[in-house]
Amino acid sequence: MPKCTINGQEVEVKEGATIIEAFKKMSEDIAHYCWHPGLSVAGVCRLCMVDVEGARGPQIACNTVVREGMVITNQSEQIKDIVRWGMDFHLINHPLDCPICDQAGECGLQEQYMKFGKYDPEMGLQKVKKRKVVDLGERVVLDSERCILCSRCVRFTDEVSKTNELGIFNRGDRSEIGTYKDKPLNNKYSLNTVDICPVGALTSKDFRFRQRVWYLKNADTICNGCSTGCSVKTYYNEEGLFRVKPNHNEDVNGYWMCDEGRDLYKFANKESRLLKAKKFDGSTWEEVSAGSAVKSLSHQLLETIKETPSKVAVVYTGQFTNQEYADSLKSFDGLGVNNFYHWMNNQASKDEFDGLLIRGDKNPNTKGLQNEASKFSGLKKLENLFNELESGNIETVFVMAPENISAYPEYESHFKALSKAKNFIWMGANQTSCYESTNSSNTYLIPLKSYVEKSGTFTNHNGTDQNFNYVTTLVAGALTLSEAMTLFEGQDLDFEIRPKIYKTMKNNHFTSDRGEL
Amino acid sequence: MFKLSSEGIDFVKKEIERYETRRSAIIPCLYRVQKENKGWVPPEAVAELSQLMDLPEAWINEILNFYTMFNKEPIGKLHVQVCCNISCCMNGGRELASHLNKEFGVQGNEISKDGNVTITRVECLGSCDTAPMMQVNDNYYENLTPEKAVSVIKELM
Amino acid sequence: MQVKVLSEHYDKPEFQGLEGYKKLGGYVELEKAFKMDPKQIIEDVKAAGLRGRGGAGFPTGVKWGFLPDNGEPRYLLCNADEGEPGTFKDRMMMERAPHQLIEGMIISSFAIGSKKSYIYVRGEYDESIRILTKALDEAYKAGMLGKNILGSGFDHDMDIYVGAGAYICGEETAMISSLEGYKGQPKLKPPFPAIEGYLGKPTIVNNVESLAAVKYIIRDGVEGYRKHGTEKSAGTKLFSVSGNVVKPGNYEIPLGMPMKTLINDLCGGMKPGRQLKAVIPGGSSTPILTAEEAMKVNMDYESMAEFGTFLGSGAVIVIDDSNCMVDLLGVLMHFYHHESCGQCTPCREGTGWLNKLVASIYKGEAKMTDLELINGISNHMMGKTICALSDAAAMPALSFLKKFREEFEFYIREGKSKVKGSSYAQMHH
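Residue numbers (the working numbering), protein chains in the order written: chain Z, 1 to 517; chain L, 1001 to 1157; chain W, 2001 to 2429.
Bear in mind the hints are in silico, worked out from the structure with no lab data behind them.
What you are looking at is a predicted structure, and each value in this text was computed from that prediction instead of being measured.
Just so you know, even glycine gets a beta-carbon here, dropped at the ideal spot from N, CA and C.
Be a bit skeptical, because a hint or two may be false.
Stated by the list, open to error - Below are the DSS-like pairs computed for lysine-lysine, each with C-alpha atoms no more than 25 Å apart in a straight line:
no. : chain 1 : residue 1 : chain 2 : residue 2
1   : Z       : K183      : L       : K1013
2   : Z       : K24       : W       : K2189
3   : L       : K1014     : W       : K2141
4   : Z       : K183      : L       : K1072
5   : Z       : K132      : L       : K1072
6   : W       : K2363     : Z       : K127
7   : L       : K1014     : W       : K2201
8   : L       : K1072     : Z       : K129
9   : L       : K1003     : Z       : K181
10  : W       : K2134     : L       : K1014
11  : L       : K1014     : W       : K2147
12  : Z       : K24       : Z       : K80
13  : W       : K2134     : L       : K1035
14  : W       : K2039     : W       : K2147
15  : L       : K1072     : Z       : K181
16  : W       : K2367     : Z       : K129
17  : Z       : K330      : Z       : K380
18  : W       : K2420     : L       : K1014
19  : L       : K1014     : W       : K2116
20  : W       : K2201     : W       : K2232
21  : W       : K2189     : Z       : K3
22  : L       : K1035     : L       : K1003
23  : Z       : K183      : L       : K1003
24  : Z       : K162      : W       : K2201
25  : L       : K1148     : W       : K2271
26  : W       : K2296     : W       : K2363
27  : W       : K2147     : Z       : K118
28  : Z       : K14       : W       : K2115
29  : W       : K2418     : L       : K1102
30  : L       : K1038     : Z       : K181
31  : Z       : K181      : L       : K1035
32  : Z       : K80       : W       : K2189
33  : Z       : K129      : W       : K2363
Stated by the list, open to error - Just a sample of chain Z residues kept apart from chain L, beta carbon distances all over 12 Å, derived:
no. : residue
34  : L39
35  : E111
36  : K217
37  : K270
38  : K311
39  : E410
40  : A417
Model the full structure from these sequences, guided by the hints.
Have a look at this one:
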C-alpha cells in the first residue's frame, strides 16, 4: 500500500493505483476527459498532467502508477498553464453551441473550462466542419463537431459491451467517431456511451430536447427491470420522470446499466398510471379514491374472508418490496389465508444471463418474494389457481400486479382469466384498456405506487438485499401494498410516519454528477 | 456491387493465417480489394472482409480511413502522386503538380474525363535527392521536368 | 571524405542478389555470430556505441538490454517505414543490399533470442518490397532463415509487413499498433516495447541502418567499428542530402565530419549564384540551423545538441537564398497536420491550428500577434503527448520563427514574401 503526497496531503492507495485514482480518493480537482474508472487508460486528452518530484517533466496522472513516497501536485503554475492550454486545444474546433446543446449544465467542457480554462479565446480561424445530427442507431445521436475524441465510447463498445460498433475514422483533426453504415450502434447497452460522453457529442434520442438538466432533480433508487437490480439515479421534476442513469455499484452493476432499464421510468409516469381506484359492480364503473375503495372493500369482504379464508387466493408478482411482501403476507396470514400464488412471467427464460447485466428474470425481487413467502405457507404455481377458479373452490382473488407490464406479455390474458373470480381485487400501478373486459361483477382496481414512489428493499438474483429510498410522488392517491393492507384491515394510515430512510449503496460521482466527470 | 474474386477470397484466407492474429491481415486484405477494384476500396468491401475475416466492420473501416494509400473513391487508371514536401517543393514539385493538373484538365483528386489520370499531391515519398518526382501507380519517376512528366504519363496511358 | 562501411558495395548491381552478396562477404558474420555467446553480441553492440539510426539516436545495445531475461517469446521489428521528409537512405539500403539487412536482422535476432521478425516497410516503397521479398525467398531457400539456420540450432522466421501510408508508423509503438492491425497510433509508455510490445510480448524495434550496422560490429569488432566517428557518436552513418545542393544523394561519412565538408565538398556546394541560407540537419522535424550555424556544426549527436538541434534520421535539407521561409514552414505545417494520428488533443488540434495560422500569413490574413500565438501553441505541444510527432511539428515552427523572424514579420506587414517579392497565391498558382 504505497503512500504518496497529493497537493501537500498524504494519502495511501492500493498497490498499482494510478495518480489520478489517488486524486479521486482525495477528492482533489483534476482535469480530465478520456480517463474513466470503468474503462482502460487511453491517455489522450492530456489534461490530467501533474508534477511529480524528480520526474523529467509533467506526467499524465492516469497512466502513472503511484510509488512509495511520490510527491505530486497539479497546483504548480506550470501545470495550471498546461491545463489552460489543454482546454484551449479542446475548444478551438468545438462549436460552442451550448445554448442548443443538451449537455449544457452537465458538460465536462463547460465545467472544466470554468475551473481551468484560459478565458481569452485565441482561435480566430475557421473551425473544422464535421457531421452533425448523425443517427448512430436506435437510441443515440452524434454531433461530431462537439466531440473531443476522448474515445470513451469506442472503448466502451470494445471493452464492456464487446460489440465493437464504434470506431474513430480518419486521422488528425479530421478524426470522427462513427459506425460502419451496415452496423449501427444497436447494442443493449448503447446509452452508456451517452452517459460517459463528457460533452454533448452523444445524446440520447429519448431525452434530447425534453428538459434542461438544471430543471431536473435527481435521486437514487434501484432499477426494477430485472433481477440484477442495478443502482440507478432517476431524474425528475414536477412533470414526472425524464431519465434514468446508472450509479456506480461495484458489487452489482459497476458503472453501467442496460438500455431497457432506462425506459422503465415511462411506466411510472402519470400518463401510464392508474390514477384513481375503480369499482365495477357488474353494470357500472365508479371512480373513487384509493383509500375509500380499500375501505369499502374491507367492509364488503373482510368478514367473509375471515370466515372462509380457504376460498381466497392471493397472487404475487416479483415487483414489490420485501417490506410490502412481509406486511401483506402477514395480514393475509392473520386472516387465515394461505393460498399464495406466484405469477412468474417468463418461466422458460428466467435463468438467462447475457454475461454483463441483463437477466432473464424481469422482476427486481423474485428472491425477496420467495424468501418472505417461505416464512408463511410458501408459493403455489399460478396455473393451479386457474383450475381452482374453474372448479369454484376460489371465490376471491387478490392480484398484486406488476408495474413493468412490458415484461408481462400475458398481462391482459391473465387479467381476464383471473377476473373469473367472484370477488376480484387487482392492485397495480398501471392503467391499461384491458380492465374494461373484467369478468367479475365485483371488481376493484386499486392504484399502487411505483418503485420510485416508495422506500424498501429488493433482494437481487444472488440474494443481495438492496435498500432504496423514495424518489418522488407521481400519483398522489396511490398506495403501497403495505398501506393498502393496513386500510384493508380496517386501520387508518399513520401519516406522521415519514418514509423510512434506508442506507443505500454508494454513489458514483463519475456518471451521476457529471460536473465531477 | 464489388465482390472479391475466388482467388481474392483464397488470398484473404491465407493472410489471416499468416500473422499471429487475424487483425494484422486487414491491411493486406484491403490492398487486395483495391487491386481487384481498379485502385480503390468501395465501402461495401468492408462488410465483405468483415464477414470473411470474422472481424468487426468498425475495425476494418478504421484501418481503411486511417491510411492514405487506400483510395476511398474511384481513381484514374494512372494514379499520379506528385511529392510536394519540402525538398520537392524547393525543386519545383508544386509547379510540376500544377502543370500536370492543367495539362490533364483535373483538379484535386478528380479523374480526367477519359478516365486515365488522377493527380494527387502527396507527402514525402523518400526520393528527395531526385526531386521533383512522382509516383505513377507502383513506380517512381524521378528528376522530372514538367515536360518529361507529361511524356512519361502519356506513354503509360 | 566518405567512408564506405555499409555502402561499400552499393554501386555493384550483383550485391542485391544472394550469390553476389555472398561473394562480396555476405553472411560471413552470421556464421561468426552463431559461434558467439548472444550476450556477448549485445555487449559488443553496446560497447561499439551504435546509436539508433532512425532518428532518436538511442543506443541500440542498451535498448536490447531492456529485454526481460525470462525466456518469453520476443520479436524483432525492423523499422523500414522511412517517412521523415528528406530521408531516403533506408530505401537505398533495401534496394541495393537487401541481404545486408536480412543478415543484420538474423544476427540481432540471435543476440536477443527472437524467433520471429518483421520488416515493416512503408507501402509507397514498392520497389524495396519487391526486392526484399525476393531476397527473403532466396534466404529461406539457402537455409539462412527457417529451422536450424546453417546448422547452428537457431530457428528464425522473417516476414515483410507493408504499411499503407502513415508517417506516424515510423514511431515504434505506432508501428507495433499498425502491425497488430490497429490504426497506426502510438501506445502509452510505460510499458515500453522491450517489456510489452507486439501482442504484449517483448519487442525490439530498430531502424534498417542500425540493424545492418550490427553485421559490421561483428566483422570489425568493437575497436574496429569505433575507428570511425567520435567517442559519443561512433561509426559511420548514411546521410541523405537534398534540397539546393549541386549533388544531392546519400553519403556515408564518419560521424563527426563538419557539415561544411559534407555540403561543400561532397555535395558540390550550392547551385551557381546561390547562397546557403539554412539547413534542416536531421529530417523535417529537427530545428533549423542558419547558414552560419551550419558552417560550424559537426555531423554527430553531441555537436548537433550544442546547436540545439538533432542528428535525427540523417536527412540534411539544404536551403538556399531563393527560398521563402514562410513558404517552407507552411509546407512543413501542412505535412504535420496531414500526419497527426489524432489521438492526443494537443497534437491533433495543435497541428491543425499551426497549419492554419501559417497559411493565414501567406494569405495576408495574419496579425503580428499571431507569431506569439504560434510560439505559444508550439510550446504547449512540446512534451505533452504520447509520442514525439507533436514535438516534431512544434520544433520547426519554433526554430523558423526564432531564426527567420524578420521574414515572417515582413510577410505579415507587407502581404508578400520578403524573398520572392510575391505572395503565396502568385508563387504557386
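Status of the hints after comparison with the structure:
For the proposed pair K183 of chain Z and K1013 of chain L, the alpha carbon gap of about 23 Å is at most 25 Å, so the pair holds. For a cut-off of 25 Å, the pair hint linking K24 of chain Z to K2189 of chain W stands: about 22 Å separates their Cα positions. Taking the CA atoms of K1014 of chain L and K2141 of chain W, the gap is near 21 Å; set against the 25 Å cutoff, the hint holds. A threshold of 25 Å between alpha carbons decides the hint, and for K183 of chain Z with K1072 of chain L the separation of about 19 Å falls inside it, so the pair holds.
As the CA atoms of K132 of chain Z and K1072 of chain L are separated by approximately 21 Å, the hinted pair is consistent with the 25 Å bound. At most 25 Å may separate the alpha-carbon atoms for a hinted pair to count; K2363 of chain W and K127 of chain Z meet this at roughly 17 Å. Taking the CA atoms of K1014 of chain L and K2201 of chain W, the gap is about 24 Å. The hint holds against a cut of 25 Å. Proximity of K1072 of chain L to K129 of chain Z is assessed by CA-CA distance (about 19 Å); at most 25 Å being required, the pair is judged to hold.
For the proposed pair K1003 of chain L and K181 of chain Z, the alpha carbon gap of about 17 Å is at most 25 Å, so the pair holds. Our distance criterion of 25 Å between C-alpha atoms is met by K2134 of chain W and K1014 of chain L, whose separation comes to about 19 Å. A C-alpha spacing of about 22 Å is found between K1014 of chain L and K2147 of chain W, which places the hinted pair at or below 25 Å, so the restraint holds. Distance restraint check for K24 of chain Z and K80 of chain Z: the Cα-Cα separation of roughly 18 Å lies within the 25 Å cut-off, and the hinted pair is therefore satisfied.
The straight-line distance between the Cα atoms of K2134 of chain W and K1035 of chain L is roughly 21 Å, inside the 25 Å bound, and the hint therefore holds. For the hint pairing K2039 of chain W with K2147 of chain W, the CA-to-CA distance comes to about 21 Å; that is within 25 Å, so the pair holds. Pair hint K1072 of chain L plus K181 of chain Z holds up; C-alpha atoms about 14 Å apart against a cutoff of 25 Å. Distance restraint check for K2367 of chain W and K129 of chain Z: the Cα-Cα separation of roughly 24 Å lies within the 25 Å cut-off, and the hinted pair is therefore satisfied.
A hinted pair counts as satisfied when its Cα atoms are at most 25 Å apart, and K330 of chain Z with K380 of chain Z qualifies at roughly 17 Å. With a CA separation close to 56 Å, the supplied pair K2420 of chain W and K1014 of chain L exceeds the 25 Å bound. Note on K1014 of chain L and K2116 of chain W: the hinted pairing holds, with a Cα-Cα distance of about 18 Å set against a maximum of 25 Å. A threshold of 25 Å between alpha carbons decides the hint, and for K2201 of chain W with K2232 of chain W the separation of about 31 Å lies outside it, so the pair is violated.
Restraint check for K2189 of chain W and K3 of chain Z: the C-alpha separation of about 23 Å stays at or below 25 Å, so the hint holds. Pair hint K1035 of chain L plus K1003 of chain L holds up; C-alpha atoms about 12 Å apart against a cutoff of 25 Å. A distance of roughly 19 Å separates the Cα atoms of K183 of chain Z and K1003 of chain L; the hinted pair therefore holds under the 25 Å criterion. Between K162 of chain Z and K2201 of chain W the CA atoms are separated by roughly 24 Å; this keeps the pair inside 25 Å, and the hint holds.
Between K1148 of chain L and K2271 of chain W, the direct Cα distance comes to roughly 22 Å. Compliance with the 25 Å bound is thereby established for this hinted pair. Taking the CA atoms of K2296 of chain W and K2363 of chain W, the gap is about 36 Å. The hint is violated against a cut of 25 Å. Proposed proximity of K2147 of chain W and K118 of chain Z is contradicted: the alpha carbons are some 62 Å apart, above 25 Å. A hinted pair counts as satisfied when its Cα atoms are at most 25 Å apart, and K14 of chain Z with K2115 of chain W does not qualify at roughly 38 Å.
Of the pairs offered as hints, the one joining K2418 of chain W and K1102 of chain L is violated, with about 28 Å between alpha carbons and a cut-off of 25 Å exceeded. For the hint pairing K1038 of chain L with K181 of chain Z, the CA-to-CA distance comes to about 23 Å; that is within 25 Å, so the pair holds. Straight-line distance between C-alpha atoms of K181 of chain Z and K1035 of chain L comes to about 23 Å, which keeps the hinted pair within the 25 Å bound. Only pairs whose Cα atoms come within 25 Å are accepted, and K80 of chain Z paired with K2189 of chain W is accepted, the gap being roughly 23 Å.
A hinted pair counts as satisfied when its Cα atoms are at most 25 Å apart, and K129 of chain Z with K2363 of chain W qualifies at roughly 20 Å. Listed as a non-interface residue, L39 of chain Z keeps its Cβ farther than 12 Å from every Cβ of chain L; the least gap is roughly 17 Å. For E111 of chain Z, the condition that its CB be more than 12 Å from all CB atoms of chain L holds, with the nearest at approximately 30 Å. K217 of chain Z, annotated as away from the interface, keeps every beta carbon of chain L farther than 12 Å; the closest lies near 38 Å.
For K270 of chain Z, the shortest C-beta to C-beta distance to chain L comes to about 41 Å, beyond the 12 Å cut-off, and the non-interface label holds. With a cut of 12 Å on Cβ distances, K311 of chain Z stays outside the contact zone with chain L, its closest approach being about 60 Å. Even its closest Cβ contact with chain L, about 38 Å, leaves E410 of chain Z beyond 12 Å, as expected for a residue assigned away from the interface. With 12 Å as the threshold on Cβ separation, the claim that A417 of chain Z sits away from chain L holds: the shortest Cβ distance comes to roughly 47 Å.
When held up to the earlier numbered hints, the structure conflicts with 18, 20, 26, 27, 28 and 29 and fits the remainder.
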